[in-house]
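Using the sequences and the hints, build the whole thing.
Protein sequences appear in the order of chains X and L. Per the numbering used here, the first sequence starts with residue 142, numbered consecutively. Per the numbering used here, the second sequence starts with residue -12, numbered consecutively.
Be careful, since some hints might not be right.
[To be verified] Using C-beta positions, here's what the derived DEER-type ranges look like: (1) L/MET217 x X/SER276: 26 to 36 Å; (2) L/LEU210 x X/ALA210: 36 to 46 Å; (3) X/GLY200 x L/LEU245: 26 to 36 Å; (4) X/ASP222 x L/GLU246: 17 to 27 Å; (5) X/SER276 x L/GLN175: 46 to 56 Å; (6) L/LEU210 x X/ARG245: 14 to 24 Å; (7) L/GLN147 x X/ASP222: 16 to 26 Å; (8) L/LEU173 x X/SER213: 19 to 29 Å; (9) X/ASP391 x L/LEU245: 27 to 37 Å; (10) L/MET38 x X/ASP249: 39 to 49 Å; (11) X/GLU361 x L/ARG4: 35 to 45 Å; (12) X/SER213 x L/GLN147: 14 to 24 Å.
[Stated by the list, open to error] Partial selection, computed: residues in chain X whose CB lies under 8 Å from chain L: (13) SER234; (14) LYS240; (15) ARG245; (16) PHE269.
What the hints contain is simulated information worked out from the structure, not anything from laboratory work. A quick note: this is a predicted structure, and the numbers were derived from the prediction, not measured. Even glycine gets a Cβ: it sits at the ideal position worked out from N, Cα and C.
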Amino acid sequence: MVASLQLHQVGVRYGKQDVLSGITTPLLKGGEVTAVIGPNAAGKSSLFRRIAGLLDGPGQVRLDYRGEALGSEGVCYMPQDTSVNTVLTVYESVLLARKQGTDRRVRDDDLEAVDQLLSSLRIEAIAFKGLCELSGGQRQLVSLAQTLVRDPKILLLDEPTSALDLNRQVEVLTLIRSLSREREICVMIAIHDLNQVMRVADRVLVIDAGTMVTCGPVSEVITPGLLRQVYKVDGRIERCSRLCPHVMIDGPVSH
Amino acid sequence: MASPSALHLQTARGAYRALVHRKKLMLLALLVVLTLSVVADLGLGPARYSMREVVLALVGSPEMSRQISVVIWDIRMPTALMAIIVGAALSAAGAQMQTILNNPLASPFTLGISAAASFGASLALVFGVGILPWAVEYVVSINALIMAMAAALFIHFMSQRRGVTVETIVLLGITLVFTFNALLALVQYLASEQALGAIVFWTMGSLTRATWPKVAITSVVLLVSLPLFMRRAWALTALRLGEDKAASFGVNVRWLRLETMLIVSLLAAVPVAFVGTIGFIGLVGPHIARMLIGEDQRFFLPASVLSGAAILSLTSVISKSIVPGTIFPIGIITALVGVPFLFSLIMSNRRRSW
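Set out below in structure tokens:
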């Protein structure tokens, strides 16, 4: 096993107020994708920031790489907010993400890594555009490139596809899925679209109002009961003609 | 034969290398402008010398009379060097203030650091009150320095509070400017006629106060600060992607900001302490650098330093050229020239720079 992540009673506190508490997961292994779902303001971003070491709080975040404890430097986190007001170009911004914590000299392998990533995400055409000139979706792709170029062992993606069109969503999630498998990266990803969750994730962690509802395999967690309890909607899980499960929403909970 | 996608990759890498090459050329061009300006600055004064005479005096040619060498080396050189060092320091301070506070309006002048320094200096000029009583010779400069550093650190610690936005920092700076200007006015009101004249001259900013020891001290501060910034070039550039993003790259944002603000407060305060209030360099220098070269700190910082130095040196040339034989206080000229210059740059620049 290459990388792994395990949470035990993890929480986040702002001042005296607990915004997140009691998050416990089984061992999340490299090569697996865990989706973090829940309503708005449930505490998903706080959880990611806590794992990335950007917030303090109670509980234990255990990060391992090749059997040894890993500091938060092994975690690559893509924040939800991608707004910027800088004239840095896309290429420069991805390169600088790669060069953090290293020397000032730019080497051939740095440029090669940036080139390959821009190509994987199909954003070479905007490589020399200023970040402040990009659309929301383009900014999200660039932010993803900045995160992936750092060779993550543990990857935390906070709604990485929320501004992308359907085609790009599928493409990006497929790329994340395959990178996770190929490089044995332990991925945690927050997504609102439950159908995408079912396509990409192995496991789901559900948070509601700052507490953990459940954590388990996708097929066991995403059920009509969960839709009712967490999202307050009536719905069904049905299989399409290709036998893939899909969430069908009937409407708000009928009392 | 290379595949089309491989060719495309080579192009992206090649384009980046070409971009870096262009930035280096731009830095070279700024250096040339600065050099020419310094030579012109050395040639101007009550006695005017041609560029050839200045260069020959600088290289110690026997063709030049002893008198010209003395004028150039002993009288004009400290002033000309002070112009470039002060310009460089203020511009570097402004560049890093804008970076760490994520604010295009941040500069020692707009955030009240210069006003605090003026107030500190006025205390010494009017009442002879030294914050450090044993340093009698540099009492004005030290008072200005301490007040400026206190203002810079106040801005920094306030900017660390939760919920403080970019707009709040600007408003905070404006309140500092008003507060220190009011205190300065109070001191001026209480001042004797002679002390009042000294305050007014000090607040106008003038390079004629330059001496070799002051040039040396300011140079040391600049030469120590710049490598410290350059060592953190990638981390400082990452701040331009936002605090969260930089932190997610492993940058210790809180520490980087504190460290940078401490260096910036020295860089901003020392020149103001020695030559008085010189506005707009800390604002205009970084903006010109950003427009010419972008925000990669490996190039942005040297470009800010060179453009700030060149602007103040050129302003020194202008201050000597308006009325031949008279040197206007440079603080007046920087404001008069700097504002329309910045305005024209902003209006003519098609590419958004902030």
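Do the hints match the structure? See the list:
| no. | hint | in the structure |
| --- | --- | --- |
| 1 | L/MET217 x X/SER276: 26 to 36 Å | holds, 34 Å |
| 2 | L/LEU210 x X/ALA210: 36 to 46 Å | holds, 42 Å |
| 3 | X/GLY200 x L/LEU245: 26 to 36 Å | holds, 28 Å |
| 4 | X/ASP222 x L/GLU246: 17 to 27 Å | holds, 25 Å |
| 5 | X/SER276 x L/GLN175: 46 to 56 Å | holds, 54 Å |
| 6 | L/LEU210 x X/ARG245: 14 to 24 Å | holds, 18 Å |
| 7 | L/GLN147 x X/ASP222: 16 to 26 Å | holds, 19 Å |
| 8 | L/LEU173 x X/SER213: 19 to 29 Å | violated, 51 Å |
| 9 | X/ASP391 x L/LEU245: 27 to 37 Å | violated, 55 Å |
| 10 | L/MET38 x X/ASP249: 39 to 49 Å | holds, 44 Å |
| 11 | X/GLU361 x L/ARG4: 35 to 45 Å | violated, 52 Å |
| 12 | X/SER213 x L/GLN147: 14 to 24 Å | holds, 21 Å |
| 13 | SER234 | holds, 6 Å |
| 14 | LYS240 | holds, 5 Å |
| 15 | ARG245 | holds, 6 Å |
| 16 | PHE269 | holds, 6 Å |
Of the numbered hints given earlier, the model fails hints 8, 9 and 11; all others are met.
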